[in-house]
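> The chain contents come next:
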Amino acid sequence: MKKSINKILVIGSGPIIIGQGAEFDYAGTQACLSLKEEGYKVILVNSNPATIMTDNKIADKVYIEPLTYDFLADIIVREQPEAILPTLGGQTALNLALELHKSGLLDELNIELLGTKLSAIIKAEDRQLFKQLMDELNEPVPPSIIVQNTEDALTFAQNIGYPVIVRPAFTLGGTGGGICHNSKELKTITAGGLKLSPLNQCLIEKSIAGFKEIEYEVMRDINDNAIVVCNMENFDPVGIHTGDSIVFAPSQTLSDKEYQLLRDVSLKIIKALKIVGGCNIQLALNPNSFEYYIIEVNPRVSRSSALASKATGYPIAKIAAKLAVGRTLDKIKNPVTNVTLSCFEPALDYVVCKIPRWAFDKFQNGNRQLGSQMKATGEVMSIGRTVEESILKAVRSLEIDIQHPFLEEIKNSTINQIKQNLISVKDNRLFYILQALRQGITCQQISDITQIDLFFLDKLWHIVEIENELSNNKISVNLLKYAKRYGFSDNEIAKRWHISENDIRQIRHQNKILPTYKIVDTCAAEFEASSPYYYSTFESENESKPLGEKSILILGSGPIRIGQGVEFDYATVHSIIAVKKLGFKAIIVNSNPETVSTDFSISDKLYFEPLTYEDVLNIIELEKPLGVVIQFGGQTAINLAAKISEADIKIIGTNLNDLARAENRNLFAKAVKKMKIPQPPGATATTINEALQIANKINYPVLVRPSYVLGGRAMEIVRSDDNLQNYMKIAVGVSPNQPILIDKYIPGIECEVDAICDGKTVLIPGIMEHIEKTGIHSGDSMAVYPSQTLSSKQKQVICQYTSKLALGLNCLGLMNIQFIVQDDKVYVIEVNPRASRTVPFLSKITGIEIAEIATQVILGTSLIQLGFKKLLIDEPNKVYIKAPIFSFSKLQQIDTRLGPEMKSTGEVMGSDTTLDKALYKTFIATGLKIKNHGIIIFTVDNIDKTKALKLALRFRKLGYYIIATSGTSKYFSQNNFKVDIVNKIGKTDNIIDIIKTRPVQAVINTSHNSNADKTSTTKPKLNKKIHQTQLDGQNIRQTAIEYSIPLFTSLDTASAILRVLESRSFSIESLPENKTTYKNPKI
Amino acid sequence: MIYKKQTYKKLILEDGTIFLGLSFGAEKDVVGEIVFTTAMTGYQESITDQSFNGQILTFTYPLIGNYGINTDDYETLIPTAKAVVVREFCRRPNNWRSSMSIHKFLSDKNIPGISNIDTRKLTKIIRQQGTMKASIVDNSVNNQEIIKQLQNLKLPANQVKKVSTTRAYPVPNTGYNIAVIDFGLKHSILKELSLRNCQIVVLPYNTPAKDILQLQPDGIMLTNGPGDPKSLPETIKTIQQIQTKIPLFGICLGHQLFCLANGANTYQMKFGHRGLNHAVQNHQTRKIGFTSQNHGFAVDPKSINPKKLTITHTDINDKTIEGVSSVKYPAFSVQFHPDSSPGPHDTSYLFDQFIDMITKYQTTKHYKGIKQCQKAKLR
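If you read the protein sequences in the order shown, they are chains A and B. The number in our numbering is simply the position in the first sequence, starting from 1, with 23 added. The number in our numbering is simply the position in the second sequence, starting from 1, with 8 added.
Quick caveat, the hints were computed from the structure, so don't treat them as lab data. A few of these clues could be false.
As the list claims (entries may be wrong) - Derived Cβ-Cβ restraints for the label pairs, each shown as a range:
no.	chain 1	residue 1	chain 2	residue 2	range
1	A	N496	B	E35	40 to 46 Å
2	B	H291	A	E61	23 to 29 Å
3	B	Q361	A	N29	55 to 61 Å
4	A	L537	B	Q159	29 to 35 Å
5	A	N565	B	V179	19 to 25 Å
Glycine residues also receive a C-beta, built at the ideal position from the N, C-alpha and C atoms.
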């Protein structure tokens, strides 16, 4: 019984985690707009506020609610959509669709699932069914078995031989999987995988590591027309998750016979599955024969399809949405050419390179080994006309402080060290390969070790050859031209010629060695294209015609990494929208293929280029825009400000000197002092003695951090001379003569505000309060809006200071300020003269498009003109909470303890009429599940014990069983609360065993003064006992993560969850003793 | 470094555009018609496709030669493309089947190549101004002289004669006897027929009709080939004589000749179709397949006489005719390459259709005799 469709519900992908990133914002946004274009009413559900897709303009109705069955069902019942589109919200949306289907709700309400049928999705996702289908199609899959226990896995491996791969069923990005070379490894990984799999299933499969890994992005419509949008070849052979692999598009080493062989297979599969929409097919090809295997089929748009869309210009998600509602490929225009149809297989005339971006700068001690579990948080893409050019451009897009694939820290490696790093694959393998070539290891030797195709290795060798040519020759125009054609940066050439980058630029200008920009057009110039999508190369024809005087250049934020997430793309996109609305032409530069900002239909012109001084300046010189907007692209863009403005280009927004006053600590302290705004006392030290003096003057605890790192890296709270000495030894050891900042640590309520200033007046869209006290990075804190504890007087002071700071620092546009409120005193701790992480959160709640307002302001409209007369926007009656989401289960050996360094990868929002309800929804949205009974383990630092006791008592009152480690339990019992003692690690039946085997509902673990997350090589000998405690702590936390048990490393967060649990439970008390007494009545 | 070993060469176009590049392959100066292909794979098959006879072949994909040259993928052993234009050729190919680099291959086959060309710019010129004459010459040569020469040059029109076999030869097998008329055939056509067990005899392009009929083949294949179909008026007559008697299948040039033989007209396209991503719709099944194409001429839709020909396939983008079938006779032809190589295999079913057509024709023949059979409406 089919009814006509009018209203479609789209399920988003939720918070950004490793394996499910910003690409789904891009896909979801495209899909919603595409469905609206087709005339449907679109209802969107997503828990992630930091996305473009959750904007009111993208869908007709947006629900930012937890992505769980209950909430979704509620929305469905309320909205009564005729159809649901689940194939654009990643694995999250697919899993929810499965749940909805199984519950019978869809049948009951006669709701159709659009796009690929569920049966097909199940066929592709369930390993057993998939294998069956492949058998039916006579297509090979590596020999494998589904197991539900480790014994079966071991027997199977014994039969087919090691190595084998473990893949848990239905987990994100293959979470919990891995390659096993022996029975011991197989046992551990299988056990973990079974636990993580919602079906308690693992696939054990013969390893085909070393095969070429090839992906095909295919699409199919209801008429069975199918196309290949793009194929891609992994630089890293099979064995490393494609999300962690360097990838080229199109394939580079396949002959036509091989290309067509795999194309046929891909089309056969998509047709057999009857996919309607997009599908990703991963294949393994034997490098020495035509033997191939099908590795995996993703029956939905994916990270790879986002990459393929950007690599070819073909908007897969947009077309997939149209196919889902029954349109066909031969009836939809190709939006790139506008003359051809979407039933088209793009022809590329360039080489695309994608390199993943990992967060190991944040997790220095994390296990960097790459395998079948994806670890990257984001990626960069580059386009060039040679492999060398696209690799080099991609490397300098990575934002890892290098302009060329040369790592200072590995340049003195021995041959053996290098070989070791080629064998064990880590995130830095590309750099080791180049280092190997520099040190005389041959391509053949490297290929023997890594199985990487000699074709690619020769390209890397060519890069080394050019390096040597440059080093061995004096300045030569011909050589310069040659190096530029192969993608070398001015910076690298300058280094080798011992002149400045600007000298090279000058030589280039004198000799007309200028970049030429080429169009990405899907058709290799066969048809005229209308897409304003460009990349640079050094050839003869430049196709990019400047947009003229009224253009404005907006810098994007580069790859998604911890500390700079999709929020910045949100702000960038809104700035683009505002610039266009004001009648200017918006030009965007960015290097991230996952995002909305690099969708060429968003801006007037897209330059897919690295965000470096050279690459950006090249564009500025060609376009000659009115100015450059840098305040929406996060720290990436801000960091470019100084050099760009040297080049005589106007920065639109806060000017350079004022940026420095906010960013430079000394200048900032001076400015703040002048404004009479309190700041925690502090000073800088370069020696241990200096540090000790300062700390004793301002009194412990103190907050210490090196002055040269950003975003809270290596920041710690230190409480004693001993600890400070240790910290200084490491910090000074790492980089002598670098000042260390030492500030008084004030344990107060942390708040932050976003503010817009037009130079005369200030607008504060909102004051947010953090649930966690100071000491935890604002990005890892739960933020509540409006503040629930600040008095109106405190708010007033915050507003006053904000206004003073904005005007005093001459801010123009957006800024973000962090305050600490202790008692009645408000301290300013940080000012960021740019868009912040909270811009989308506040924009969605208040309905004020903060980034758009700020863009209008920096382009000359006053806040008064825009109708903003009040300083602080009226606060709503509802409560809104933003909570961080971590990807700890994807990474091993990292410290999950929260601190001043940010560790979260994404965020969710929960909102309701009361704080308790909002907290409840927020925790649900984060995926937290706590039963109303069970064990709570406490193991806390001495200084937290008083507070922990109160929490423990509250848990107890709710009926939980409390156990604690010896120190903690001792304190509890001293205070008349007897709890079970759990043994420390090392003894039998210890805390780890309990976490693994007993119904533990939460682990509450705090520890301070830890250096555990620092590199061990530079670690001085710590007090052995303290060191052991730290290691134990890390071990406990890691085990909790592995066993998916809620872990709280901040008592404030634990207190918040308690509030939820308390509000959820009814007060159960026995009746009071009967106090009524009877006396014999007098009659 | 390899760039030092290369010498400078110039690519000069008829319209006066000059590209400076570096030589690879054979070291010699050439003149020819310049065309481009958007194929990203299959350079070996393309270069050895005789349809490129006399043409300077530009690859829009910038990296050519990545997987080397192997012994399996030749479309002819004596390629006659004039020259190859690339952005970059691969100095160190790698593939398990590779036996030499493209540089060595072109040197061996005496075909010059020019690299370091802004092939996108070149492609846009060809797209905008149409296919034109071009020359690859030494860097020292006077540009104006070359341009003048180019403008006055008349390219030879006897390409088919140059590439067709001069003597008939058999490809023995056990199935239907197929006479393949060679206008510059691609080996892949023979491979597809062999796959279907056909016993093949390859005939020179100018084999008279009576000689063909004397062989009593079960079917006739008109192959692809270079140049203007109108330059073969004798062949057109031959087709008119044989199509009434034997099932026939034409590909590319063979298709154009078949259409001319049935009263249609052909025209030269601005820059042709050369690539592997041409979407073609089969009118009968409504199915769209991707096809390999390499042609500079096409059949004019207005010239189709519906009493003689039915249009069976159309390019979904520019609506050019991609396939026809005869109204009266067991014969059909397609503009694209169902034999792919390089390119998608989406339309290889046409070879099965050819075999089916022969089978069906013969069944009818047994029942009603040859004459009636000719009148039978097939398909």
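> For the hint 29 to 35 Å, verify it against the beta carbon of L537(A) and that of Q159(B).
holds (32 Å)
> Check the following: the C-beta atoms of N496(A) and E35(B) are separated by a distance inside 40 to 46 Å.
violated (27 Å)
> Could you see if the CB distance from H291(B) to E61(A) stays within 23 to 29 Å?
Because 27 Å falls inside the window, the suggested range holds.
> Range first: 55 to 61 Å. Now tell me if the beta carbons of Q361(B) and N29(A) are that far apart.
violated (44 Å)
> Go ahead and decide if the range 19 to 25 Å is satisfied by the Cβ distance of N565(A) to V179(B).
violated (52 Å)
When each numbered hint is compared with the structure, violations occur for hints 1, 3 and 5.
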